[in-house]
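Using the sequences provided together with the hints, build the complete structure.
For the sequence shown, position 126 matches number 126 in the UniProt record's numbering, and the numbering has no gaps at all.
Please note: incorrect hints may appear among the correct ones.
[What the hints assert, rightly or not] Distance condition first, Cα-Cα at most 27 Å in a straight line; then the derived DSSO-like pairs of lysine-lysine: (1) K215 with K115; (2) K233 with K215; (3) K4 with K244; (4) K115 with K80; (5) K133 with K219; (6) K133 with K266; (7) K115 with K86; (8) K186 with K233; (9) K4 with K191; (10) K2 with K170; (11) K80 with K134; (12) K219 with K248; (13) K244 with K215; (14) K2 with K86; (15) K134 with K191; (16) K269 with K219; (17) K233 with K248; (18) K219 with K4; (19) K186 with K219; (20) K244 with K170; (21) K186 with K101; (22) K133 with K2; (23) K170 with K134; (24) K80 with K170; (25) K186 with K103; (26) K248 with K2; (27) K103 with K115; (28) K219 with K233; (29) K266 with K4; (30) K170 with K266; (31) K80 with K4; (32) K80 with K101; (33) K115 with K134.
[Stated by the list, open to error] Cβ-Cβ distance ranges computed for the label pairs, FRET-style: (34) P164 with K248: 32 to 40 Å; (35) D195 with N168: 20 to 28 Å; (36) P76 with N240: 38 to 46 Å; (37) K233 with K186: 20 to 28 Å; (38) R88 with K269: 23 to 31 Å; (39) N36 with L165: 21 to 29 Å; (40) K248 with D3: 43 to 51 Å.
Because the hints were derived from the structure by calculation, they are not lab data. Don't be surprised by glycine CBs; every beta carbon is placed ideally from N, CA and C.
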Amino acid sequence: MKDKRVLYVSSEVIPYLPETEISSMSFEAPRMINNNGGQIRIFMPRYGNINERRHQLHEVIRLSGMNLVINDLDMPLIIKVASIPKERIQVYFIDNEDYFKRKATYADEDGNFYKDNDERAIFFAKGVIETVKKLNWAPDIIHVHGWLASFLPLYLRNYYGNEPLFENSKIVTSVYNQGFDGTLAKNTIDKIRFDAIDDEAIAELEEPNYVNLMKIAIKNSDAIIVGSEEIPKELEEYLNTLDKPVLKYHNMENFSQAYLDFYSGKVLK
Numbered sequence: 001m002k003d004k005r006v007l008y009v010s011s012e013v014i015p016y017l018p019e020t021e022i023s024s025m026s027f028e029a030p031r032m033i034n035n036n037g038g039q040i041r042i043f044m045p046r047y048g049n050i051n052e053r054r055h056q057l058h059e060v061i062r063l064s065g066m067n068l069v070i071n072d073l074d075m076p077l078i079i080k081v082a083s084i085p086k087e088r089i090q091v092y093f094i095d096n097e098d099y100f101k102r103k104a105t106y107a108d109e110d111g112n113f114y115k116d117n118d119e120r121a122i123f124f125a126k127g128v129i130e131t132v133k134k135l136n137w138a139p140d141i142i143h144v145h146g147w148l149a150s151f152l153p154l155y156l157r158n159y160y161g162n163e164p165l166f167e168n169s170k171i172v173t174s175v176y177n178q179g180f181d182g183t184l185a186k187n188t189i190d191k192i193r194f195d196a197i198d199d200e201a202i203a204e205l206e207e208p209n210y211v212n213l214m215k216i217a218i219k220n221s222d223a224i225i226v227g228s229e230e231i232p233k234e235l236e237e238y239l240n241t242l243d244k245p246v247l248k249y250h251n252m253e254n255f256s257q258a259y260l261d262f263y264s265g266k267v268l269k
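Right under this line is the structure:
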């Protein structure tokens with residue numbers, strides 16, 4: 001993986017959020033690539049429960065200031081950056097006052113799922129892609145973690161499909177047993193239709209639940225990694241129907257060589 005560029009796009013990363021399978025792997029995998037001579041970038045949302053002072057986030061003025069259109073509304077994009085202590089790793093944060101200022105990740109203090117989580121996910125996907133374009137940094141691999149990041153493969157393939165910067169990028173999606181109950185807003189599909197993405201590409205979003213979001217991500221990826229020991233049975237069965245590389249689950253203690261072999265032998269071959 002020497003000098004290969006890997007873009008990690010995740011809904012959660014430690015040390016900025018509590019430890020979960022997603023947040024841990026979104027830190028350990030980039031660190032492993034870093035230690036093997038690869039170049040990495042990590043992107044995550046700047047949720048309001050991330051302590052900016054403690055983690056020393058600062059705005060990157062040259063990357064901020066763009067507006068993204070979400071469901072016919074102009075939403076300002078703010079980019080912040082921080083360095084993970086003791087690691088040579090920078091993390092970019094996608095921020096917007098309306099979507100990410102509230103003091104929690106996906107639900108309010110009573111456990112109610114935010115009604116605009118669909119728009120937050122669309123904003124995050126577009127924000128990452130637009131920022132990487134501004135950085136003019138062409139990734140060899142884009143590795144997606146977590147459902148809030150799951151629209152990125154869809155947008156990269158269908159909305160930014162002619163973008164030269166990404167023409168050789170391979171997309172890998174990790175599938176975890178860390179989803180959500182119920183569905184996103186019922187009109188999620190209409191908000192994506194607004195971006196002139198074909199109905200055929202988003203048919204699953206008629207019922208925007210966790211399994212269907214992941215199916216959309218998987219469908220638009222080049223390879224899949226199973227990130228949890230157990231994943232929803234429907235996703236397990238779906239993976240068995242695919243004609244694309246799938247890496248079975250490896251725990252945190254022994255994932256490194258398996259991921260390196262998968263990246264170089266299956267994804268980049």
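In ascending order, which of the hints set out earlier in this document are inconsistent with the structure? Hints 7, 9, 33 and 40 not satisfied by this model.
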